[in-house]
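K.L.:
The residues making up each chain are set out below.
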Amino acid sequence: MSMEKKRPQLSLDELHQLKWLLGSVLALFSVWTVFYLDVDAWTLLILNTVAISAALIWPGWLARVPAAVHIGAFPVIVICFVTDLWTNGQILPAMIRLDLMLILYRGISYRQRRDDLQLIVLGLFLVVVAGVITVSLAFAVQILAFTACALAFLFVVTLVDATEAKYPPVHTPLFTWRISVATPSWIRQADWPRLFARLRTVVDWRIVTFASVLFAGVVVLSGLLFLAIPRFQLENSLFLDRFMSKKARTGFTDNIKFGDVTDIIADNGLAVSVDVSDPGQMPATLYLRMVVLDEYREDSFRLSPALRRASFGQEPNAIEVDGTERPHAGAPVYWTVYLESGVSSYLPLPGSFERLHFRELQSILNSRNLRAISLRNEPVTMTAYRLEGVNTSPLLSDPGFAENLRNPPRDRNGAPLRYTRRELVVPAQESDQAALRAAVAEITGGATLSAEDFAGRACRWLDTRHDYSLQSATPAGPGDTLTRWLTSKAPGHCELFAGAFVMLARTAGFPTRLVTGFKGGTWNAFSNNLTVRNSNAHAWCEMWNGEGAWLRVDPTPGSAPVTSANEPQGTAAFAARLDRSWSARLDSLRIFWYRRIVNFDQGNQLDTLRAVKSATQQAGQRMRVSLDRLVLAVKTWLVSGWDARRIALVMTGLLAITGLGWAGQLLLRGWRWRIRRNDNNRRADPARREAGRWLERLREKKGEGEPGTDAVWPDLERVRYGARPTWPELEKVFRRARQAWRGRGKSPRLPS
Amino acid sequence: MSDFVQGGQITEAKQALDRLRTNMRVTIKGKDNVIEQVITCLVAGGHLLIEDLPGVGKTTLAYSLARSMDCAFSRIQFTSDLLPSDVTGVAIYDETIKEFIFKKGPVFANVVLADEINRATPKTQSALLEVMDRARVTVDGEAHAVGSPFMVFATQNPVDYEGTFPLPESQMDRFLMRLQMGYPLAADELEILRVSRLAYDAIALNPVITRGEVLKLQALAQQVFIEDSVLDFILKIVAATRTEAEFKSGASVRGGLALKVAAQARALVNARDFVVPEDVTELVGPILAHRLGLARQTSDALEERRTVTATLRRIVASLPPPV
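Taken in sequence, the protein lines are chains A and B.
Quick note: the first sequence uses the numbering used here, first residue 1, plus one each step.
Quick note: the second sequence uses the numbering used here, first residue 753, plus one each step.
Keep in mind that the hints were calculated from the coordinates and are not lab data.
Because the structure is a prediction, the values reported are computed rather than measured.
Every residue, glycine too, gets a C-beta built ideally from N, C-alpha and C.
Take these hints with a grain of salt, some might be off.
Which chain A residues stay away from chain B? Per the calculated CB distances, all over 12 Å, these [what the hints assert, rightly or not]:
1) Ala41
2) Ile91
3) Asp467
4) Tyr721
A few chain A residues facing chain B, derived, Cβ under 8 Å [as the list claims (entries may be wrong)]:
5) Arg188
6) Glu696
7) Glu700
8) Ala723
9) Thr726
Next comes chain B alone, as it looks inside the complex (with noise of 0.2 Å):
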């Protein structure tokens, strides 16, 4: 097989993409960046941050992805008495054949929605996390693999602090992005009081792509080509994070890498199997920001969030763009 995509299979990829994007509008109403996001992190085989207020349509956005692919989806609310085995699963001792059975947890899924993650305690965060990283679940030396294709949604609320436990910095990085929803258009706001209603189950969508096409898009977006000059652009960023005297630490070896593989997956959905700088230079700030603290110390989370993307957006401004 050749290293490089071939034009079939491009278009069969904007096929699949186009009726998922579709599909997940129905939903999703005016959120059309967002939707591009979150496919592109699907596509790129990342896991989604998701912070914002309650209610502004994080867990419909993970649910209208998964229910839009063939796939499990499951959800687990986090609160401070999970337990790693509430969401990894359990060996329970079975008297019929006297053995150890696996009783797997939500865990087990194609797409999961971890609801306010930073509500539970760093036991039990650290045990999804490294199902994020593995793709796989060990218990008493076994290991299960989860779904295939794999994709950890998981939600916080920036604003109410109180009885939290924030995702250490290590952890964050494990997240492919970070995504704001922010309120809707009023048109838009509009169109939802008039059509959603309040439960998921009442969200009525029909698959449109498969669990194998999604597979075949993940392995299509590693073979999207980079030229060597976006390569080093992508490397100057990361570089000038570092050397940024607002970031307290710049970007990880891990940071560069999500990046350049975001990059990839978005040249994919955007039907190109050639990453262009504006690739790199929209996801700059999805990708990088949750990885990057301040130097100095504030009071208030969103503004710090503020920070970061502004001095993030200067970087990117101050950088010329390989032409």
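Extracted from the complex, chain A is given alone in its bound form (with noise of 0.2 Å):
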């Protein structure tokens, strides 16, 4: 006989708002993993969590739903699905918005046994392939709330099975085809709050504590395997990111027109975090290069074809890439970038470097001479890298592009072949030509300028004619659009700065590209690392310097066009922009998981397991130092002379710790009885309490010819329910109860 049999017990009907509860915070935890999935499925979301916070709240009304709604919703759902698949051609993501419908039908409809069941795995589905697709924290979180969540939620089918077994229901159709929905009978008698103090007065806390220490110790053992086995990559070996052909919500590809780079830049999500060992090597103003686009081409910049049959040689399944740089003397400086699914199949790279590591094995595609390195498939889970030996300098040698400049290659006719001359290619009209003719006369006054002072001169001539803006209106008429927008005052955003320094600089002889990126990012006071949001996208130029390299020029008002070599460099430019919201803190913790976590070699995990383990020596080692002192000195003071003023002392001390325990007894029989008189304000009278919690605990006991509880048991009932005058003496009624109880050799549980 366990004593949790002895404790009042839920209702059916309460058991089954219990598992209602359950049920929909179960729906709710699960369609929020769409939060991170990226699918578009954004009404489905807000329209299951409205739905399903309102069933919750008000089981009442699904009854008013008409039956015709049931009968249909099945057929809907699967028009819905075909429709989808249809027109979106992509699996997985319908599977998901499938999966969601038939959450939303599960949660707003009163559920059986088996569609709990059904409800469980279809967020199970949402759960696991969030989880697959993200390798995010918050599918740790999300796991394990809904883990739990499941668990309970299974142990209160459990038990309403068994009640019902019990005290079987008497079976009415959950619908019939004439009106709407037959409400089941806990609805009636839903109550929240009702519920919530019925389970405060039922939950032996005693299991639900061991339940939570149990599912801790689970989880921390989980961590503890996780931290300990080798690595390996979860995603990769998973086959749901293949389903997932995920559009690009950016325009980092090699093709990029007016607007694109616009339209990164009103999203504010998380692009790219750059982690690096010694911040002091980090430039006040970080260009992270992804894309150079050579061609111009119908108001289009593109990489045009012949550069990148050129450029880019295949390196296949490289884990590690050796860059431009050579080897510096010193501590090497790590820059470790974590690079959010969903940008761009380019590295965005803080510019030539070393070598570049990746944790696993990646199949790129990789040009020395344009120093971008590209993923052969845009990745669908976050990327992370090492580069090593990195050189965020504004000059970009290219010894190859000079070569070419001085002896275009030929092709097998010997006819020098013109793709070297495409950083040179302005609009074709003859309009156009003279329109940017006339600027870039306007622009050098006649004189033959340096590249870097022709930049800084258009770059100050661009920024007196057009004021920044997102939103650009480039004055509509004949000819090209850039050279129109060029000539007219009409405010711009950087891809117009940047196309337009492009035509000027090409204009006067320069070989110039356009080149997209990140720019600037903010630094996360958190976590000291730099945060780059979607919308700190932007488009510069580079321009050859005629000295063998390229330089970076940005033109777009409120850059320093020309970057200067030796402008200020680490953490302490970034002070201005130290980002201390919520927003860097939710980020900190992002990086810490990359850090940590996903991005995890031997060396990290060694650490973390050493600093573990020193820690918690350390911890050791304090306590005992503590605790020795304190033994000392109570020793010392215990040795020490006796007097009367020290013994009045102790006997004071002594007083008022007996005299705190009582009170703090009697605060807690207080604090007791308040929260008992909340679940029933008549039933505030202690011993009418007392007496009813050894009815209950004695009744198994009655019956079974127990002899003393037989004979308490009328004076037991007697003081639940008798008139008070005629109640006999309390203290002996419960002292026989509690022979009565002990007579089983059972060790009580005596009440307070």
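Once you've looked at the hints, go ahead and assemble the two chains, each given alone in its own frame, into the complex.
P.N.:
Printed below as a string of structure tokens:
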């Protein structure tokens, strides 16, 4: 006979209500994973959240849903799924939307046992898909919460089953064809405050604590195991990502139309996190290069197929890539870049580097000339890589280009190939070219300028004519768009400024190309790393300086057009951009996850384990030292001379402690009574409560021929239900009850 | 006098009730729970409707109770041509004294057995039901009190509805309890076969309890203490019947009062001067079932009764008794 059996138990209706609560919470937990999934299902997510929450709080209104809805729901869901699949052609997002629709339906209709289990499976699908696709911190939290909720839910489902087996309910069909859904009986009694009050009295907190400790133990153990096992790539081991041909939310491809970068700016999501082992090495304004676009054609810049062919050699499945920098003396500085999924297949690079190290084999395309690296497939999960020997200089040497300028390569027939001249191509129409030439003449004033001087003047010229605005209005008219904007006074954004500068520089005879990537970012004050958001997307130019190198020129107002090589570096430069907001806190959690869990090599793993070990040891040592000190102090105090004053002091102290203990006990008792009174005001009488608890406890013994129990039973009943003046002596009754309870040889759980 | 029942009174009551119980068990075999409920109904001062097939002992039960008490018993066989005056009595003009004198009907007794009550016309039924309510008969503006104590045992057959006038719900409400007898167990039936005869007059029972004692018991039952949480429990049960989708309408206020009064009586029958939740839960079926109708139509009366009882059981199981 266990102690729990004697507690008051939840009635079937209350269990049903609890089941409803847990089921709804479970559904909400699972639908919220869509938040991390980047699947186009926001409407469904909001609909789910609102409808399920409403159904949770007011389960009664579901009964008013006409039966036709239930009859039509399944065909409608199937039709939606098929249409979705037909129009979008992507299996996984369609399945996720299907799953959401099913969860919505299950969340807002009265569930029977089979439906409850279905709900768990539907939720599990979402959580697993989200976990595998994002491998994020959120997943860890989500799966924990989901698991705990699902376990509790299953437990309640089992309880309901067991109770229903005991008291078979009157069978009513869940819905008939006629009017609407039959309301399950528990809906009528559904009263959340009462349920919580009942839960508080019914729940055996020891069991709950034990279960929580057990669950926490399992979680900690799994965490330790996770830390200890060798890394493996979860996302690569599963097939799900292949179904997720997610459209890039950005324009970081090798063909950029005007406006693409601006679209990215509108998105404030995290794009890149940069972690530098020596933050002093980081320039104040960090440019992360991604794509180099040389060819201007029909209002858009693109990476010309010829340059692509000439520059990108294939290095299939590399884990390490050698860069163009020579090894430096001194301790290596590591830049770790975490690129979020969905940004680009091009890796953001802060400049040329000595070596790049992926955490797993990657199929890449690498161009040493362009200093650009592209992954073969756009990554669906976060990609992390470590750079060594980074040079963030605004000058990029390119001996190949210099050589090509001097001796253009020739084809088989000996004719010079033109591809190196693409960096000089301007709009084809003569009117456009004339306008450009006029602008250049205005900038240079007829003088022959060095590349740097021209860049400075051209940028100033652009700055005086155009304001910066995300909303640009290029005047309508014939000819090239970019030239039209350039010759107008309309405001523009970074792409237009950069594009216009490219046109001007090319007209002036300087080979120039457009570069896109990220600029700036905020310094996360919590995790000490650079956070770059999609809104930091930027476009700038690289201009051939005639001395074998490309010079970075940023013509957008608000930036130094030509970054000097000796600009301030380090964290000091970021002080002005410290981010201490809540989103920074969240990002710092993310970076913690990246640093410690995702991007984990064995060294880090060992470091963490060592840190855990030393922290435990230190804590133990500190405790021992303070304990020793305390014992010593007490000892010294005891052996020193005793006089009347000290004795009085000790006595007062003891009295005070006793008094405090007594007061504490009183307070505790009062507190308990208050809690119970809240449960039911009429049962405030403590003696009645006490008798009631003894009755509950002895109920099972009654009728087993226990003389003690049978003798005390009527008196307990009298105290619990009888008129107060007829009560027997309470102390005696409770003592007898205690004796009757002990009569079985069980250790009693004395009521306070 | 104190508000509370004195210990000695309880002892007296217990003795009287034990005598009654033992006496009734002589003729009613193996139906101790029915006897308990009949006694409870008597102590609560209510009327009883027994619904069962013919020949399971309904009349014998009423007869045994009446005979066990030192009081008048009469039996009215209800038929479709029975007139109200056949029940209540009639004023006849007496030539000798040149006055109308009132000839008392069979209802002037302490225990009245109204056999097959649903066979009479509604007019006659309501004549009886008025007497049940007021415990008196009014003829020509003159009120005549019927017996005290006054208890009506009505019986009806739930299966054979041909040519009957089912009691309307408002009148069902007048009965404190509705009971089913059911067939006895094989051993008990053998005992009945061995001992009993067919005629009621052959039932030889001596009165073991006086009319005064019955009245005293009824007064005592009203003093039985009900703690607030138990009252609250009764209220919750009644409220739950009102929100239950299965029922056309919930139990009336009179239903709740009946449950309270019956619980008090049951406490006294069990020699207690206070009500425990079991008193309530045990009586929910007999007290409330006949006051509730199903929302959906059923063709079978027995099935309807079964569903109502099961729903009530579920309601009671879903409500935590006060602890």
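K.L.:
Hints first: check each against the structure and report whether it holds.
P.N.:
Results for each hint:
| no. | hint | verdict |
| --- | --- | --- |
| 1 | Ala41 | holds, 36 Å |
| 2 | Ile91 | holds, 43 Å |
| 3 | Asp467 | holds, 69 Å |
| 4 | Tyr721 | violated, 5 Å |
| 5 | Arg188 | holds, 4 Å |
| 6 | Glu696 | holds, 5 Å |
| 7 | Glu700 | violated, 14 Å |
| 8 | Ala723 | holds, 4 Å |
| 9 | Thr726 | holds, 6 Å |
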